[in-house]
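Trainee: Sequence:
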Amino acid sequence: MHRFVGRQRELEVLATALERIRAGIGSERSGQCVLLRGRRRVGKSSLVEEFLRRAEVPSLFFTAAGGPAEDELVELAETVATSTLPDRALFAEEAPNHWNAAFRLLAELLPDDAPSVVVFDEVPYLMDRVDAFEGMLQRAWDRFLSRKPVLLLLVGSDLSMMEALNDYDRPFHQRGREMVLGPLNPADLAELLDLEPAAAFDAALVTGGLPLICAEWSPGQTMWDFLRDSLDNPISALLVSAERSLAAEFPPQAMSGAVLRAIGSGERTFTSIARAAGGISNATLTRATDVLIRKGMVAAELPVSLRPSKERRYRVADPYLRFWLTFLDPHMAEIERLRGDLTLARIRRQWTSWRGRAVEPSIRDSLARLLPDGEIPAAPVIGGYWTRSNDVEIDLVGADRQPVAGRLLFLGSIKWLENSPFDDRDLTALQNHRSAVTDDPLPLVAVSRSGTDCFGLHAAYGPEDLIRAWRNR
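In terms of my numbering, the numbers along the sequence shown are unbroken and rise by one, the last being 1024.
These are calculated hints, taken from the structure and not from any lab test.
Treat the hints with caution; some may be incorrect.
Claimed, not checked - Only pairs whose alpha carbons sit at most 20 Å apart, straight line, appear in this in silico SDA-like list of lysine to any residue: (1) K966 <-> F1006; (2) K966 <-> N717; (3) K966 <-> A980; (4) K966 <-> R906.
What the hints assert, rightly or not - Label-pair ranges, simulated between beta-carbon atoms: (5) T979 <-> G907: 16 to 22 Å; (6) Q953 <-> T635: 45 to 51 Å; (7) R863 <-> R779: 33 to 39 Å; (8) Y719 <-> A640: 48 to 54 Å; (9) D783 <-> Q953: 40 to 46 Å; (10) G925 <-> V731: 29 to 35 Å.
In this text, a Cβ means the ideal position worked out from N, Cα and C, and glycines have one as well.
Please put together the full structure from these sequences, using the hints given.
Mentor: Structure (structure tokens):
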């Protein structure tokens, strides 16, 4: 079994909330609610389980299954019966047949003189299947639950629905603090998988930092050995996690799924995506991309510069899903007939060029955590710049805002190759591109996997520096 690694900030947030509840015992409203959201398989349930293990207080952990409201209520009763709440037997004796009654009875089971934790996992299922669920939850919280020293954790994977739960025009508005759980970061992966910094960034691109996939990666194992083992196992998490997530997110006929696959195949512009998705209309594509952006599956980006641009580009936001859509999904038939060796060979051939672009968002995130540093200031925005023809393309643009900046702060280039340092030719190209964007002598930054071999940069960063950025936060 792997150690529980990372998530220290999130565990501290939950522990602090529980301590505040403990300190408020005896007051009129000592209860607190946290709305925890994150993409599927990012480890929300594992985080909550670890928190409960450490907290050692009476608790209930209920997971909705997406069935009819009556079935969910039966499952809740069974979960209460196996919980650690002290008066759990009362729930079976009363056998509530409505969610209003269930919430009221649940509040009665909670201790008055000690903290407890109640978890409702996959809350969007309840929002979708139980009539007026949000209103019933709001009334139960206001009248009963918040008066108990309880930490109520509402957990969900549908990001848009979880965000909507706290909207100003919804019943539960401002009753819970929002908490977003992202994937394991590169520093977590370096520790968990016993990898060098550069290899940890590779692992982040392949696994997306999803704990379920990382659990199948043996500490110290190379990425290529991990991929070989995963491709030889038809039920490996690397192969099946994306398919299950997409099936849960989109019905088979949903156009958003086809659009996501078009973007995942490498198409980045509106026109090329429409063509790859079967020649769909602009209106259909707009609706589909809006859904994907709202769900956090796709990012739509504009060049960051001093002038407006219409050159919007799309990318799959989750690194693992991007890897799966590029290398695994199109070749599942090959893998299923036990020819994962062909798939692996294809990944080897395309890996360096694919990784060069795929790693850019992770590097930008790392720099945002690392700066300010020396002559390079902290930047509210770190994006990129490009033209329609790509005759000018800048990997790193630090600015005060996006997409139209009031002030540019620095420019930079990424060179993420094993045996090729950032050299004079790369610097000359960056200087030329700077002159195409601004006349100001902005500081120049290089991020290189293999170091630098030139003079004239204001700062240079390698994998060790980027990993340190995550460890310091």
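Trainee: All hints, please: hold or fail.
Mentor: Hints versus structure:
1. K966 <-> F1006: 16 Å, holds
2. K966 <-> N717: 42 Å, violated
3. K966 <-> A980: Roughly 12 Å separates the two Cα atoms, so the pair holds.
4. K966 <-> R906: Holds. K966 to R906 sits at ~11 Å (cutoff 20 Å).
5. T979 <-> G907: 16 to 22 Å: 19 Å, holds
6. Q953 <-> T635: 45 to 51 Å: Holds, since Q953 and T635 (Cβ atoms, about 48 Å apart) stay within the stated range.
7. R863 <-> R779: 33 to 39 Å: 38 Å, holds
8. Y719 <-> A640: 48 to 54 Å: 40 Å, violated
9. D783 <-> Q953: 40 to 46 Å: Given a distance of about 44 Å, which is inside 40 to 46 Å, the answer is holds.
10. G925 <-> V731: 29 to 35 Å: Cβ of G925 to Cβ of V731: about 31 Å, so the range 29 to 35 Å holds.
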